[in-house]
Amino acid sequence: MANLNLTLKVWRQESPEAQGRIETYKAKNIPDEASFLEMLDIVNEELVHEGKEPIHFDHDCREGICGMCSLTINGVPHGGKKVTTCQLHMRQFKDGDTIWIEPFRAAAFPLLRDLVVDRTALDNIIAAGGFVDVRTGAAPNANNMPIRKKTSDAAFDAAACIGCGACVASCKNSAAMLFTSAKAAHLNLLPQGHPEKNKRVLAMVRQMDALGFGNCTNLYECEAACPKGISVDNIAKLNRDYMIACASEAFGVFS
Amino acid sequence: MNEIKFPVSDYMPDSCIPDGPIAEKWTKYKREAKLINPNNRRKYTVLIVGSGLAGGSAAATLAELGYNVKCFCYQDSPRRAHSIAAQGGVNAAHNYQNDGDSVYRLFYDTVKGGDFRAREANVYRLAEVSCNIINQCVAQGVPFGREYGGLLDNRSFGGSQLKRTFYSRGQTGQQLLLGCYQAMEKEIGKGHIEMHPRTEMMDLVVVDGHAKGIVVRDMVTGEIKSYAGDTVLLATGGYGRVFFLSTNAMGCNVGAACACWKKGAYFANPCFTQIHPTCIPVKGDYQSKLTLMSESLRNDGRIWVPKSREVAAKIRKGEMKPSDVAENDRDYYLERKYPSFGNLAPRDISSRAAKEACDDERGVANTGRGVFLDFKDAINRMGKEWIDGQYGNLFEMYEEITDVDPHEQPMMIYPASHYTMGGLWVDYNLMSSIPGLHVLGEANFSDHGANRLGASALMQGLSDGYFVIPATLPTYLTTQKPGSITTAAPEFKEAEDEVKARIQKMMDVKGTKTPDEIHRELGKLVWDDVGMGRTKESLLHAIEKIPAIREEFWTNVRVVGSTEGMNQELEKAWRVAAFLDFAEVLCYDALNREESCGAHFRLEHQLADGEAKRDDANFAYVACWEYKGTGELPVLHKEPLTFDTVHLAIRSYK
Numbered sequence: 583m584a585n586l587n588l589t590l591k592v593w594r595q596e597s598p599e600a601q602g603r604i605e606t607y608k609a610k611n612i613p614d615e616a617s618f619l620e621m622l623d624i625v626n627e628e629l630v631h632e633g634k635e636p637i638h639f640d641h642d643c644r645e646g647i648c649g650m651c652s653l654t655i656n657g658v659p660h661g662g663k664k665v666t667t668c669q670l671h672m673r674q675f676k677d678g679d680t681i682w683i684e685p686f687r688a689a690a691f692p693l694l695r696d697l698v699v700d701r702t703a704l705d706n707i708i709a710a711g712g713f714v715d716v717r718t719g720a721a722p723n724a725n726n727m728p729i730r731k732k733t734s735d736a737a738f739d740a741a742a743c744i745g746c747g748a749c750v751a752s753c754k755n756s757a758a759m760l761f762t763s764a765k766a767a768h769l770n771l772l773p774q775g776h777p778e779k780n781k782r783v784l785a786m787v788r789q790m791d792a793l794g795f796g797n798c799t800n801l802y803e804c805e806a807a808c809p810k811g812i813s814v815d816n817i818a819k820l821n822r823d824y825m826i827a828c829a830s831e832a833f834g835v836f837s
Numbered sequence: 007m008n009e010i011k012f013p014v015s016d017y018m019p020d021s022c023i024p025d026g027p028i029a030e031k032w033t034k035y036k037r038e039a040k041l042i043n044p045n046n047r048r049k050y051t052v053l054i055v056g057s058g059l060a061g062g063s064a065a066a067t068l069a070e071l072g073y074n075v076k077c078f079c080y081q082d083s084p085r086r087a088h089s090i091a092a093q094g095g096v097n098a099a100h101n102y103q104n105d106g107d108s109v110y111r112l113f114y115d116t117v118k119g120g121d122f123r124a125r126e127a128n129v130y131r132l133a134e135v136s137c138n139i140i141n142q143c144v145a146q147g148v149p150f151g152r153e154y155g156g157l158l159d160n161r162s163f164g165g166s167q168l169k170r171t172f173y174s175r176g177q178t179g180q181q182l183l184l185g186c187y188q189a190m191e192k193e194i195g196k197g198h199i200e201m202h203p204r205t206e207m208m209d210l211v212v213v214d215g216h217a218k219g220i221v222v223r224d225m226v227t228g229e230i231k232s233y234a235g236d237t238v239l240l241a242t243g244g245y246g247r248v249f250f251l252s253t254n255a256m257g258c259n260v261g262a263a264c265a266c267w268k269k270g271a272y273f274a275n276p277c278f279t280q281i282h283p284t285c286i287p288v289k290g291d292y293q294s295k296l297t298l299m300s301e302s303l304r305n306d307g308r309i310w311v312p313k314s315r316e317v318a319a320k321i322r323k324g325e326m327k328p329s330d331v332a333e334n335d336r337d338y339y340l341e342r343k344y345p346s347f348g349n350l351a352p353r354d355i356s357s358r359a360a361k362e363a364c365d366d367e368r369g370v371a372n373t374g375r376g377v378f379l380d381f382k383d384a385i386n387r388m389g390k391e392w393i394d395g396q397y398g399n400l401f402e403m404y405e406e407i408t409d410v411d412p413h414e415q416p417m418m419i420y421p422a423s424h425y426t427m428g429g430l431w432v433d434y435n436l437m438s439s440i441p442g443l444h445v446l447g448e449a450n451f452s453d454h455g456a457n458r459l460g461a462s463a464l465m466q467g468l469s470d471g472y473f474v475i476p477a478t479l480p481t482y483l484t485t486q487k488p489g490s491i492t493t494a495a496p497e498f499k500e501a502e503d504e505v506k507a508r509i510q511k512m513m514d515v516k517g518t519k520t521p522d523e524i525h526r527e528l529g530k531l532v533w534d535d536v537g538m539g540r541t542k543e544s545l546l547h548a549i550e551k552i553p554a555i556r557e558e559f560w561t562n563v564r565v566v567g568s569t570e571g572m573n574q575e576l577e578k579a580w581r582v583a584a585f586l587d588f589a590e591v592l593c594y595d596a597l598n599r600e601e602s603c604g605a606h607f608r609l610e611h612q613l614a615d616g617e618a619k620r621d622d623a624n625f626a627y628v629a630c631w632e633y634k635g636t637g638e639l640p641v642l643h644k645e646p647l648t649f650d651t652v653h654l655a656i657r658s659y660k
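Chains as they are written, first to last, in our numbering: chain W, 583 to 837; chain B, 7 to 660.
Hints in this document: simulated from the structure, not taken from any laboratory.
Wrong hints could be hidden among the right ones.
To be verified - A short, non-exhaustive set of chain B residues, derived as facing chain W with CB atoms under 8 Å:
id, residue
1, Q81
2, L158
3, M403
4, I407
5, D409
Stated by the list, open to error - Listed next, the stretches of chain B that the computed footprint assigns to chain W, with coverage defined by at least 3 CB atoms under 8 Å from CB atoms of chain W:
id, segment
6, 22-35
7, 127-141
8, 184-191
Just so you know, even glycine gets a beta-carbon here, dropped at the ideal spot from N, CA and C.
Start from the sequences, fold in the hints, and give me the full structure.
Now the structure itself:
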């Protein structure tokens, strides 16, 4: 175990309207076993002791599953180690490193304070069609419908998305295609999701466009930044499903 | 201080358990329950605090039924509630494995697992609706683990001898919560739920003795405002962060529950706090939380410490690799002490056994507070690929945090605060002692007794939200004229003013300690004195010290920033203040309960072999604490527990 001394270059912005800027902080004696957010905790404790306002950032579960933590670290969402920021550990850095910490930037993610952004737009995409419309209590026996293990596993792989928004932040177009396609694939693959497949795809894609997310130009930065290994194959599938849905809509044969 | 005499009241609200045989109570209840016409439902406003499995499923279901739902959560999205972190699975009595399961068996295991301190009728209802939960989740598209034939797979969990746990790899909570979140978003999209993320409940508003609203703080603007409704549903989780370090999310807090307690809701069995046996051990003072390694790992991992202190010391100093310890020098203590349940002994028992081994100086990890969870035999038996298929993400997570590959060296684990069985008291309708305030999920006390079995929390949260509250809510609502109370009632302004004053008081202290520093101090005290082993002495010690820490907070805390706009230090300070107001009742309850049961282990009360010694003659009751002022002794109300169906017995897993 070793301790690190680092220089942090952090985006500070008091409010959505305020002018943001990069501020420099020293992070001293950081145990390399600490997580990235624990490093920020240590820095913040010091700031508070000096009577200064701490660096605001989003976080909650700190075990890589809730998707609340964000941060663009040295230009890459979550720091580019295929884990969430809360699971990024300081042993990945060297003594004397300078680390740039910025928010997840996208037009659809308005900044609230410092490193905190509003990702409600992702919820709005789900609300448009990212669900199976079944009422509680109306479900048949769970084993009435066998599902191929392969299909179920593929649906799970897509469903593992944590909705952190790293895909959007990493994309030069700020597209939410990886996020949207993962949810569409999860539900479209399963027989439970079939009845609403076309409707779902059209609604989610149109909502995504309306919310100000950009278009996908197949650069796959999203896949590289995703802490949960969500595959860009989902995007190909969404494009296919979207074409079929558009055709069905044009011919008036919905579903 | 050496003696405390608690004021005891004879009054106890009716628990409203339907009469009749246990297997027919819930059916009878539903048959006779009041109904509300679909056209009238939309006239009722239901305020739901919390969007986890309990709050989220209630919000979705009540909105589908036509109620006007407003839901609040402190996270930036309802999808982030801490239910998402549950790893292992969800129990249900489907008996798909044909290994002898039934509603009765699940009920029996849960009552026994809870060491006979839960209400039989509630637990039976839970077991009864368990299958509906799985059906519902599958219909929503939750991708549960399946077999090659396409049917659902099951795994085994602590405290049961069969396979009834449904799972989605190591992310069951995530998949269940996303199912429930999607159902919520569906209703949000239709305009049936008004969602308020980044909003923290600060107080409950009680009008003429009924819960009719809440005061919240908008965590973005800092604005304090109120919402009125016909009923309030509290689904705000547990108070495990009273120990500071826990497996809970950083934002989990007792604030809302504590506010309800202060307004008259009884706090039941707060001393029943679950210490989970398989978490990654503590590293250092800077640490913010402890990470759970799913109990499901105990299906294939074997728990051990070295037989000798010398070998343990060598491992601690890094002079010896755990994998080099010969088979003969290992003490698989759970298998030795509990041959029939082995590594799947219930959580309380496994945690205490780990503590005993470490107290005996045979612990590992550089702190000496750690034991091994070893997959060597399972990997040899089934192969690396199979193990990765079962636990891949958990292995990766472990390696990410510790830099050790659990395929090569055993995992190191130690118990940590995880779940709280205690909570606000509720009757069979899930209504607290304040009419109109309903409490769901971990926030209530009802179903797990003194110890919760693995894979039962998800079951309870979803049972409460999807199936119980939709059926029981009309019992209260039909007694109320919808919309009769608005935020114009003077009680709202009063509550808002009190919240604002308390915030201002905190901000004005301008001391030297951060809220986290004070929280850490409280956590250490409570962990040392009210953790896995409690004594009269340790409890009196904690009771003496807590007011001093509270005093320190109110005279020396430093809350920087402003009340306006986003202020995360203020959020922390508010939550720490609530933990400080709440911590004593946890100790009082542990002191009052002069017995050992489940997770509550009083060192004075143990059998010759070190097992918990229950005292059914004197303590077969739910201890319900009524708030009388901070620093004042709360009043004890007792709800007697009767066991008509399950025979009271010493809980044995040998």
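Checked hints:
Proximity of Q81 (chain B) to chain W holds as hinted, the smallest CB-CB distance being about 6 Å (cut-off 8 Å). A least Cβ separation of about 6 Å between L158 (chain B) and chain W falls short of the 8 Å threshold, and the interface hint therefore holds. Taking 8 Å as the C-beta contact cut-off toward chain W, the hint placing M403 (chain B) at the interface holds, the least distance being around 7 Å. Checking I407 (chain B) against chain W: minimum C-beta separation of about 7 Å stays under 8 Å; hint holds.
Evaluation of the D409 (chain B) hint against chain W yields a held restraint, the C-beta minimum of about 6 Å falling below 8 Å. Judged by the Cβ-Cβ criterion of 8 Å, the segment 22-35 of chain B is not covered by chain W as claimed, because only 0 of its residues qualify and three are needed. With 4 residues carrying a beta carbon less than 8 Å from a beta carbon of chain W, the segment 127-141 of chain B meets the three-residue requirement, and the given coverage holds. For a cut-off of 8 Å, the count of residues in the segment 184-191 of chain B with a CB near a CB of chain W stands at 5, and the three-residue condition holds.
Comparing the model with each earlier hint shows a violation of hint 6 alone; every other hint is respected.
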